[in-house]
Amino acid sequence: MASAVHRLELDLDVFAGPFDLLLSLILREDVDLLEVELADIVVSYLDHLEASELLDLESATEFLVLIAALLELKSRLMLPGEELPELDELAPAEAAEELIERMLQYARFRGAGGHIAARHDDEQGHLYRSAPLPETLRRAPLAAARQAYDPTVLGASLGGLLRTPPPIDLQHMAMPRVSLSDRLAVLRGLLRRGAFSFEDAVRDADRMTVAVTVFALLELYKRGEAEWQQDEPFGEITVRGEAPAPALRAVAAARRDSVSRTVQK
Amino acid sequence: MTGLARLIEALLFLAPEPVPVDELADALQASEEDVTEALGELRHGLGGRGVVLREVGEGFALASHPDAEEAARRLLARPRTPSLTPAQAETLSIVAYLQPVSRPEVARIRGVASESAAAALTDRGLIEESGRSQFGAVLYRTTPLFLKLFGLKSVDDLPDPSAWDPSPEDEAALRDRLLRAGEERAQNAG
Amino acid sequence: MTGLARLIEALLFLAPEPVPVDELADALQASEEDVTEALGELRHGLGGRGVVLREVGEGFALASHPDAEEAARRLLARPRTPSLTPAQAETLSIVAYLQPVSRPEVARIRGVASESAAAALTDRGLIEESGRSQFGAVLYRTTPLFLKLFGLKSVDDLPDPSAWDPSPEDEAALRDRLLRAGEERAQNAG
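As given, the protein sequences belong to chains A, B and C, one line each in that order.
Each step along the first sequence adds one to the number in the working numbering, with nothing skipped, and position 46 is 46.
Each step along the second sequence adds one to the number in the working numbering, with nothing skipped, and position 83 is 348.
Each step along the third sequence adds one to the number in the working numbering, with nothing skipped, and position 183 is 638.
Hints are supplied without guarantee of correctness; some may be wrong.
[What the hints assert, rightly or not] The calculated lysine to any residue pairs, modelled on SDA-like cross-linking and capped at a C-alpha distance of 20 Å, are:
1) B:LYS418 - A:GLU123
2) A:LYS222 - A:SER197
3) C:LYS603 - C:ARG535
4) C:LYS603 - A:GLN147
5) C:LYS608 - A:ASP150
[What the hints assert, rightly or not] Which residues of chain B face chain A? A partial, calculated answer using Cβ under 10 Å:
6) ALA280
7) ARG308
8) VAL316
9) VAL317
10) PRO331
11) LEU341
12) ARG343
13) THR346
14) THR350
15) ALA352
16) ALA372
17) LEU414
18) PRO431
Bear in mind the hints are in silico, worked out from the structure with no lab data behind them.
Note that beta-carbon positions come from the ideal geometry of N, C-alpha and C, so glycine has one too.
Looking at chain A on its own, in the form it has when it is part of the complex (with noise of 0.2 Å):
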C-alpha cells in the first residue's frame, strides 16, 4: 500500500520526513504522538491535494483512517488508564469530586515544584570535586574481579532484540456503517435551505460519520456543488452552496498563508 499517503512530505515541529516514516517512529516511541499536532498533517494533506490537484478517491480514503487511528491513539495516550471513567459519564456530584482530586493533586506538585526549583538553587553552592584518579589506582588488576553479573541476563537481552513488532492493528476501527451517499444527501438537503457550518451536519454523529461527512464535503466541493471556509485551525467550518467558481476555498482557508487560490480542473 505504498500510496501518495505514504509518501506524503511532512515538515512539522517535531517531525520532518515522509508520512509513513511518522508513522514507523510514532510506533517504535521514537516520536511521541503526544507531540505531534495532528491538524499540521491535515493541513500538509491538504496542501497536497491541492498541488497535485488531484482527489484519488483510495488516497483519500486511507489518509481518513490513518488520521483517525493517529487521533484515537493520542486521545487514548491523553486519557487516564482504562479504570476511569469519563467526566462525562458520571452523575454531576462525582465528577466535581474527580475534578477536586485532579485538582488538588495538581495544586500539591505545583507547590513541591516550587520547592524543588528553589532547592536547586540553594543547593548549587555546595560544588563537588571531579578529578581523575591518581595513575595508581586507575586500573583494576583482573585477578581481583569477581562475578557480578547474571549471563541470562545476555541471552534475554537478546532474545529480545530477534522479536519483531507487530503491523498496525487497525482491527478495532469500526467499519463504516454510514455510506458516502447517505451523507451526501444529508449535506445537499442542508445547502438547499442555505450556508451551515459544519457542526450542524455532525451534530451528535459518532466519529466514522464525521469521517465520511468530510469525505462528502470532499466530493461536493470537487463536483463543484459547495465551498467550504475555516478561518483557522479547530475554527468552524462555514459550508455555502453552488460555488460561483469551483475555488478551492475550504483548503486554502486551512493554510497557514490563508491566501484562497482557484484551481482549475
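Take the given structure of chain A and dock chains B and C to it, following the hints.
Structure of chains B and C alone, referenced to chain A:
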C-alpha cells in the same frame, strides 16, 4: 583527628561519587560502627574549614563550602546551571514523589504533555527511564545525581507534599463551585 | 584558619590540576602576597589531616595522604559493577554474541545510535575496540574482564539464546536474523 577519620577524609577526597558506610568499612577494614563514629569526628573536624562533609544519596561525600562558590566559579569557569523551569520543576517533583511513574501519568497530573520537560530533565541527568509499565509506557525515576545535586540522602527526605495542599476553606469553596456548575449542567442537559 | 585560607582550601579541593598563585589571587580577588601567606597557613592547618598541600610544577594542589593509599586501592581500584541499563544490556549482548561487531551493525540491530551505551561499557572495561571493519567502522569485542564479571570461562559458555528466541525454528544465522529484525522494527508501518 584520629587515624580513621583522616583516612576517611583521604578516601572521600579521592572518590568520584558518594561512598556508603559499608564500602568505607570494607576499604578501611574497620567496623561500620567505628566508621560512623569517625565520620562524626570528621564532620566536627571540618568545622570552620573550606570543605564540608555531606550525606547524599545513601553515601558520604566532601563538597566545597558555599562561601567559596563565587571564587570557585571564577577559577573553574563553571557557571551555575540554569534554574529549573516551572514545567521541569513540576515534572521532577511528580517523578520524585511518585516514582516509578509513567509518562501518561505525569501528563495527566500536569494536564499537558510533558515530553520536553522530561527530555530536559533526562539530559540534565536528573531522571532516567526505569522500564515500561504494563501498558508499555515509559516509566521514570530519579537518578543518584538528583540526590547529590539536591543534597538529599534519599527521596524520603523531601517534605511531605500535603504541605502544599490548599487550605480546607479553599477546598470547600472549590468543591461548592464545582458542584453548582455540575448541577446546572445536568439541568441544562436534562 | 583565616577566611582566605579556607577559600583556598575549597578552590584547591575542587581544582583537577595544580593552580598557580596568580590564578588563585585572581579568583579570590586578593593580592598574591596575601594568597602566599594564606597558603602557608593552610599547609600548617592541614597537619594531621587526610589531605596534604603539595607544590607541583607551577602551582599548588591538594592530594590524599600517602597513608591512605592501601585503603584507596581497596575502595577505588576495583571494577565498577553497577547494574546494566536496558540499553547497555542490549548493546553488550550484541557484542558478546556477534563479536567482532561493528558500531553501525549495533545501531541497526537496536534501531538507535548506541554510542553512549558502548562508551559506558568501554569505560567499565566490559568491551573494547578490536580494529576496523573493511569499511573503516570501529569493531567491538568483549574483554577478559567481561568473562570474569559474568562468571564465564569463554564466550562459548554464553547461554544459548534459543531459550528466549521468539521463533527458534528460523535457521538463518543469528547475525542475519538480528539485522533483519532490527530493520523490520525500523520500517514496519503496516
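ask   = Holds or violated: ARG308 (chain B) as interface residue toward chain A, Cβ cutoff 10 Å?
value = 14 Å, violated
ask   = Should the interface hint for LEU414 (chain B) be scored as holding, given a Cβ-Cβ cut-off of 10 Å against chain A?
value = 6 Å, holds
query = Is the shortest C-beta separation between THR350 (chain B) and chain A less than 10 Å?
reply = 8 Å, holds
VAL316 (chain B) as an interface hint toward chain A, with CB separation required under 10 Å = 9 Å, holds
request  = For the pair supplied as a hint, LYS608 (chain C) and ASP150 (chain A), confirm whether the alpha-carbon distance does not exceed 20 Å.
outcome  = With a Cα-Cα distance of about 14 Å, the restraint between LYS608 (chain C) and ASP150 (chain A) holds, given a limit of 20 Å.
ask   = If you take the shortest Cβ to Cβ gap from PRO331 (chain B) to chain A, is it below 10 Å?
value = 3 Å, holds
key: Hint status (Cβ of ARG343 (chain B) to nearest Cβ of chain A, threshold 10 Å)   = 8 Å, holds
query = Does THR346 (chain B) meet its interface restraint, that is, does its C-beta lie within less than 10 Å of any C-beta in chain A?
reply = 7 Å, holds
inquiry  = Does the closest beta carbon of chain A sit nearer than 10 Å to the beta carbon of VAL317 (chain B)?
reply    = 7 Å, holds
query = With 10 Å as the cut and Cβ atoms as the points, is LEU341 (chain B) at the interface with chain A?
reply = Since chain A brings a Cβ to about 8 Å from LEU341 (chain B), closer than 10 Å, the hint holds.
request  = Could you grab the alpha-carbon distance between LYS603 (chain C) and ARG535 (chain C) and see if it respects the 20 Å cut-off?
outcome  = 13 Å, holds
ask   = Minimum Cβ distance from ALA372 (chain B) to chain A below 10 Å?
value = 7 Å, holds
In summary, the structure is inconsistent with hint 7 from the numbered list given earlier, while agreeing with all the others.
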